[in-house]
Amino acid sequence: MNTTIDLRQGPRKGGGSMNFRYEPESKPLDGYTIKRAIQRGGFGEVYYALSDGGKEVALKLLQSNADVELRGIAQCLNLKHSNLLCIFDVKESAAGEQFVIMEYVAGRTLGEVIAEKPNGIEHEHVEEMLIQIAAGADYLHERGIVHRDLKPANIYLENGVIKIGDVGLAKFISESRRSAQTQSVGTVYYMAPEIAHGRYGKEVDVYAIGVMLYEMLTGNVPFDGESTGEILMKQLSAEPDLSSLPTAIRPVVARALAKDPEKRTSSAAQLAQEFSAALHGTTSPAPPPIPVEVKASYRDEPIRGERLNKSEDRQRAELYDAKQRHWQERAEWFQRPGNWMIVAGGAVLLVILSPIIAGVGIPLVVLASPLLILLAFAAGAFGLVKWAINVFAGDGSNVGHGHNRGVKLNSGYVRYESANSERQLGMLDRVAESTGSMAVAAFCSAAIAFALFATKTALDTPTQATLFGIVTTLGAWAALLPAKMWEGRGGDGFVRRMMTGLLGAAVGVAAFGVDDALMVHLPVRSIMDPVATQLANQNFLPVSLSYGDASRLIGYIVFFTVLMMVRRWWFHVDSYRPHRIRVSSVFWTAAAAWLLSLTTHFPAEWAVLWAIATSTTAQLAAVWVRPDQRTAPKA
Amino acid sequence: MKQTADPLRTFLDEKRGIMISSFFSLASKTASTESQATTNRYVAWIDGVGTWLILTGSSVSLGRVNGNVSPLIKTPVSEPEADIALVANLSRSHASIQRVEENYVLHPESSVRIQSRPISYDTVLPDSCEITLGDSVRLSFSIPTPLSATAKMTFASEHRPRTSVDGVILMAETCLLGPSASDHILCRNWSESVVLVQTSAGIVVKSKQELQIGGRKAGTSGVVSNGQVVSGDDFRFRLEPLI
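Residue numbers (the working numbering), protein chains in the order written: chain A, 3 to 637; chain B, 12 to 254.
These aren't lab readings, by the way, just hints derived from the structure by calculation. A quick note: this is a predicted structure, and the numbers were derived from the prediction, not measured. Beta carbons: idealized from backbone N, C-alpha and C, even for Gly. Just so you know, not all the hints are guaranteed correct.
[Stated by the list, open to error] Result set (BS3-like, lysine-lysine): computed pairs, CA atoms no more than 30 Å apart in a straight line:
| hint | chain 1 | residue 1 | chain 2 | residue 2 |
| --- | --- | --- | --- | --- |
| 1 | A | Lys93 | A | Lys29 |
| 2 | A | Lys93 | A | Lys119 |
| 3 | A | Lys57 | A | Lys29 |
| 4 | B | Lys217 | A | Lys236 |
| 5 | A | Lys29 | A | Lys82 |
| 6 | A | Lys29 | B | Lys217 |
[To be verified] Beta-carbon label-pair distances, calculated as ranges:
| hint | chain 1 | residue 1 | chain 2 | residue 2 | range |
| --- | --- | --- | --- | --- | --- |
| 7 | B | Pro190 | A | Asp262 | 27 to 37 Å |
| 8 | A | Gln77 | B | Asn114 | 54 to 64 Å |
| 9 | B | Ser193 | A | Thr230 | 26 to 36 Å |
| 10 | B | Ser70 | A | Gln77 | 47 to 57 Å |
| 11 | A | Ala96 | B | Ser70 | 40 to 50 Å |
| 12 | B | Pro190 | A | Ile583 | 45 to 55 Å |
| 13 | B | Ser193 | A | His127 | 27 to 37 Å |
| 14 | B | Gly225 | A | Gly56 | 23 to 33 Å |
| 15 | B | Ser139 | A | Arg73 | 44 to 54 Å |
With the sequences and hints as input, model every part of the structure.
Structure (structure tokens):
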């Protein structure tokens, strides 16, 4: 026998055993003949009956705690509204049972109407129904009555007229139900979060109508789950996915489903008005600004808050709001004590390291400058060739825009070469975020180096650890600094790679300097022996290098240049990246470093460790804005 | 399962046997038919499902309700009323539908449209169509399963008889009640289908479950008479004859 109950429908249909107390043709109430059972609800059995005069009625037999329910019904017995199911009377049978005699509705329930349209009901029809549901609910609310159990199974549609049922019954039931956990499980889909705190204002009904509105539009409830508990958890904490709704309707539904009853749409009628306004394109009566959730250029995230039909003024206003919020977030970041600690720690580390940086870095920059110039020339030449290819290939129009594109790959996954995160950033923002990230990066690198040394996993001596830490810091900085400058701006991926490569070369030079100063002397060798020989015999640098040193210098430069060039570092550290830290990014960076160590004379262990540490540090240190706090892109 | 799951098929197999045997006992059968069959209109009151009008005749008339006589309340009939009598702006006899073998032929006596096309002469109904009577009465007509000639009609415009009826079954030999879309009367929460079969002895109910008819155990099939209540493990209905 079929005992499974569809959670959505609840035990409405009285499936399972048909053990209704009264058979057809029985007459428990004088003057009424029961013809058939309609359903078994949370409140007892409901029968279809004909009066002796031929009037069809629904008889509700109250089963448990009838006197409690009767109190609720007494309050609603004489309410009259075209959208409320009419209660005719309450009567006691000869056997002492309480029957509620109600209007019989031949139509379907809203649940059945929704089930027929699994992809959502036409918006005009939704509007018609919503207006009526809201009218019925508002009528109750104005009389100080909260329905508390609004759900599609309780709402009937007959000849296009909505009738809300079970008025006055739910009030007392819902309290006892929470302890019993039996009966209408279907209700949890429509249960407002504050019910968990025992709060039952009219906002509860507005929330339930909001859930039904979502369900009518999409065919699904906003919060679904395997169990009652899971659904309740989602009601409490999860945000509804509004991506399948038309843009104009999203804020209306979002506000009706607000977790905080204070922030929710103020009344059912207001909800219906806002919906109509959004549907017909007129501005709704003063909706307070709500955070517009916006998708960055990452396809991983659900598309939210796309704006299509808004006026420019409105867009500008929202952009302004977004900027304001951004500054507020920044201020809040510095107000948190933990963040201060990070900044302070980074500063201390910088002070400690400053003699080394000054002692090694400055001569190195001097030493490396001709090399940098050489590389810059190479980059320029490469760019020129590329430009020429574009021009001669007849694709001149693209020159200057280059790779700023969303390339559609076979899989349909759109990959953005230059992560144009469209985040609005001022110069001051960039500087502020960069310095913060640099401090954090220094701190992180030091921590990683210390951990590797302390656990004796890779680094054997304190000097090795120092070398590792400093170079990791520099590598992370080389990733973070340009990325921050590019963030929110369009740009050519190739140019970006060349520039990070250039910075990588600088890191390599610095790494050589630190290596030399600390006398670690990693077994790094050049793959370009003639160049190293040339460098050793040079007479244009202020310092003279032995062949071994020159070879090591070039080895470092090559490794870090290529490492910085092969990965899209600016993409990995973008504020709007999908996840704060992505393990796959770290993995592929490590893989690239390993491959590099195979083709160059660079110790594989160090190569992979550096790559992992640099990628991890850069991602950890980079500012990351949570998806729900991301602000609007420029129109 | 070795046996076919479809109770209708089972029935059709059995029917072949009956046809052969009935050839030999034709005379005695005719006599019993006259004493048994008193009505060709029933109301099925189905718990948790709804109310259906079941018409077993090969011809049904459609029209407006007549004076103060209800098709569902047993009051004496003063004037003949259409088999499907609706509270609507129709002629007393607006149209009739005749079953001719596997087909249904609509005979218009007043304004009738099929799929919004006006009809002025006898027309075979498509397997699924909308019939419009007068200006506003719309009926959805369909033959839910090709295995049976039985058709069903529902009220698309919500015009109904005096009391609420979910739909009308134009029953040929069988009427299926059950959870699948090919059942004539959709009973969502039932675990399996139940078949009503028109026989000379009256309507027979068949099921895979043990049935109780009129409160008595009846095995898996039995004749329903005099508005008895039929119940199984997960269903219950009453078949009320209309005189």
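Cross-check of the supplied hints:
1. A:Lys93 with A:Lys29: holds (13 Å)
2. A:Lys93 with A:Lys119: Answer violated: Lys93 of chain A to Lys119 of chain A is near 39 Å, above 30 Å.
3. A:Lys57 with A:Lys29: holds (15 Å)
4. B:Lys217 with A:Lys236: Not satisfied, since the Cα-Cα distance of roughly 47 Å exceeds 30 Å.
5. A:Lys29 with A:Lys82: Within the cut-off at roughly 28 Å; holds.
6. A:Lys29 with B:Lys217: Given that 30 Å is the threshold and the Cα spacing comes to 29 Å, the pair holds.
7. B:Pro190 with A:Asp262: 27 to 37 Å: Since the Cβ atoms of Pro190 of chain B and Asp262 of chain A sit about 43 Å apart, the hinted range of 27 to 37 Å is violated.
8. A:Gln77 with B:Asn114: 54 to 64 Å: Roughly 58 Å apart at Cβ, these two residues keep to the hinted range, so it holds.
9. B:Ser193 with A:Thr230: 26 to 36 Å: holds (34 Å)
10. B:Ser70 with A:Gln77: 47 to 57 Å: Given a distance of about 54 Å, which is inside 47 to 57 Å, the answer is holds.
11. A:Ala96 with B:Ser70: 40 to 50 Å: holds (46 Å)
12. B:Pro190 with A:Ile583: 45 to 55 Å: holds (51 Å)
13. B:Ser193 with A:His127: 27 to 37 Å: holds (28 Å)
14. B:Gly225 with A:Gly56: 23 to 33 Å: holds (26 Å)
15. B:Ser139 with A:Arg73: 44 to 54 Å: holds (50 Å)
Against the hints set out earlier in the document, violations occur for numbers 2, 4 and 7.
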